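Residues per chain are reported as follows:
Number of protein chains: 2
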Amino acid sequence: MSMKRPLIAIDWGTSSLRGARLGTSGQVLESREFPRGILTVPPGQFEAVFDELFGDWMQAEGALCLISGMAGSRQGWQEAPYCPCPAGFAELSQHLLWLQPDRMALVPGLSCTSADTLHTPDVMRGEEVQIFGALQLTGRDNATLVLPGTHSKWVQVHSGRVMQFQTFMTGEVFALMSQHSILGKTLDLNGAFDPAIFLQGVGQSQRAGSVLHHLFAVRTLGLFDRLSAAQLPSYLSGLLIGEELRTQSVPLAQGPVVLIGSDTLTQRYSLALQHLGIACQSHGAQATWAGLFALASACSHPWTFKP
Amino acid sequence: MSMKRPLIAIDWGTSSLRGARLGTSGQVLESREFPRGILTVPPGQFEAVFDELFGDWMQAEGALCLISGMAGSRQGWQEAPYCPCPAGFAELSQHLLWLQPDRMALVPGLSCTSADTLHTPDVMRGEEVQIFGALQLTGRDNATLVLPGTHSKWVQVHSGRVMQFQTFMTGEVFALMSQHSILGKTLDLNGAFDPAIFLQGVGQSQRAGSVLHHLFAVRTLGLFDRLSAAQLPSYLSGLLIGEELRTQSVPLAQGPVVLIGSDTLTQRYSLALQHLGIACQSHGAQATWAGLFALASACSHPWTFKP
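Chains as they are written, first to last, in my numbering: chain C, 1 to 307; chain P, 1 to 307.
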């Protein structure tokens with residue numbers, strides 16, 4: 001796969017802004033990261049912020065810029081309506097929102113309506129690009145993918161298309177429980193991650209009952225000195241990630257589950273999945289750049305090279 | 001049931017302090033409430049605060065004072081170790097922690113070890129008194145009781161003894177999600193409670209999947225304008241209370257479930273239980289006074305009347 005134009009790949013999220021300048025075979029020539037997530041950008045100022053931070057890259061002849069993430073949300077640069085699943089490269093490229101014709105576009109997020117949400121769509125923005133990137137990197141077009149994070153996603157891809165996905169508020173609930181709840185009073189977030197204690201939490205979450213009940217055990221385990229303050233965050237993490245694994249209902253494709261995310265998170269999910277007998281492989285930030293490159297490459301029109 | 005001594009009944013919780021002066025047949029003669037929960041009391045100052053606020057009541061001839069709640073915790077006046085279940089009036093009275101012999105005691109909380117918490121005890125402090133009070137008020141000695149709140153309790157009572165119970169962090173998770181999470185950005189906590197929307201949430205929570213997933217629907221229901229900002233808290237409340245009802249595993253005794261708590265909460269649980277075909281009856285704050293009175297009355301020694 002190659003392109004004849006330089007690609008400026010941008011991942012503009014809620015709290016951070018990352019960009020990479022890619023060569024014609026998709027290699028990263030240069031990358032930049034700023035704490036300029038969309039929450040820091042006043043309405044109407046997106047173009048100015050972009051020009052300030054990436055304007056020099058756009059000087060390159062024929063430069064094309066694709067922007068994924070929350071920049072395409074209602075609170076972002078401009079709203080790129082969700083593209084409904086099933087959706088592949090083709091659908092995404094047809095739904096690109098062009099800010100400047102043939103030069104700069106917002107990648108839409110995906111929406112997915114499943115029977116279990118009373119016809120309320122589940123949604124993602126930014127992860128769709130990582131998904132297609134990971135498919136490129138692994139050479140697969142059938143896979144189950146997991147993108148851990150604040151709002152973790154489980155994704156089914158069949159024949160290169162996202163068929164369905166589910167969101168879990170695992171990361172956000174972990175942050176709230178450890179920082180703002182009564183559990184926070186007994187746990188020490190500076191404690192080193194403890195894999196054995198983490199797997200105890202995973203094991204507990206596989207039992208009957210609710211996470212609303214199991215969470216209270218984090219308090220009593222501390223109260224009765226069964227776990228130290230430094231061990232409790234690992235247990236809490238195991239409980240929540242384990243609950244996600246126990247209850248997700250996306251069909252598992254043949255082959256290892258594909259994990260996409262930071263090393264810290266993919267290591268935890270990897271541990272938990274292997275504990276439950278499920279093989280997996282992990283990919284990091286490069287999935288985003290690979291995804292934007294694949295998306296750019298897969299769309300022949302209107303990205304024909306113009307000298 | 002009657003006592004020959006005036007009873008000063010005190011419920012000293014985490015964030016509030018309530019007291020009642022009871023007559024010899026258990027009637028409330030006078031009550032007081034202060035925002036002086038244990039979190040506001042410096043170590044070593046519990047006696048001084050008590051004397052300031054209730055010292056006059058203790059002047060009555062033969063006055064006996066029983067104090068329930070977090071005042072008996074490690075962070076309270078003095079630690080009254082948990083009394084293990086099964087436990088009834090007799091066990092509780094044997095575990096009273098006397099601050100002044102025959103005059104003032106802390107009521108211990110209860111602990112309960114069940115197979116599903118890896119031998120970590122579940123715990124309560126203060127609710128045990130409400131439970132025994134409600135049993136007195138209803139004339140029952142077999143019942144399933146629910147005490148909704150920050151940490152909701154489901155309790156099985158058999159032959160007048162608490163056999164087992166389970167805690168759910170339902171109220172705290174509601175507060176965290178609505179005030180500190182991304183859901184808080186789209187919901188309006190000043191909206192009036194909407195029973196129909198609440199029951200939609202209850203219904204959704206009965207479906208397969210996890211509350212970690214269902215919670216995200218609160219965001220998308222707002223995002224897609226399916227529910228208004230004012231309706232979302234009712235839906236969120238239904239999701240969480242419904243999850244608690246779906247997953248609690250305390251055996252249901254014959255007869256209506258006994259709800260003990262504030263009107264606001266017992267009305268919601270009542271709605272949800274009836275929606276699921278489970279009969280219930282509700283009791284409010286009087287359960288605390290009735291419980292302390294019953295506990296005082298059930299202990300003949302050392303509370304013999306001394307003129």
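I should point out that these hints are in silico values taken from the structure, not numbers from a laboratory. There could be a bad hint or two in this list.
Stated by the list, open to error - Example chain C residues on the side facing chain P (calculated, C-beta under 7 Å, incomplete):
1) L39
2) T40
3) V41
4) M58
5) G62
6) L137
7) G171
8) S181
9) F216
10) D225
11) T247
What the hints assert, rightly or not - Where chain C lies over chain P, by a calculated footprint (3+ residues, C-beta under 8 Å):
12) 21-31
13) 161-174
14) 207-213
15) 221-229
16) 262-268
Small disclaimer: the values here were computed from a predicted structure and weren't measured. Every residue gets a Cβ at the ideal spot worked out from N, C-alpha and C, and that includes glycine.
- Message: Taking the earlier hints as the rules, which of them does this structure contradict?
- Response: Hints 1, 2, 3, 4, 5, 6, 7, 10, 12, 16 not satisfied by this model.
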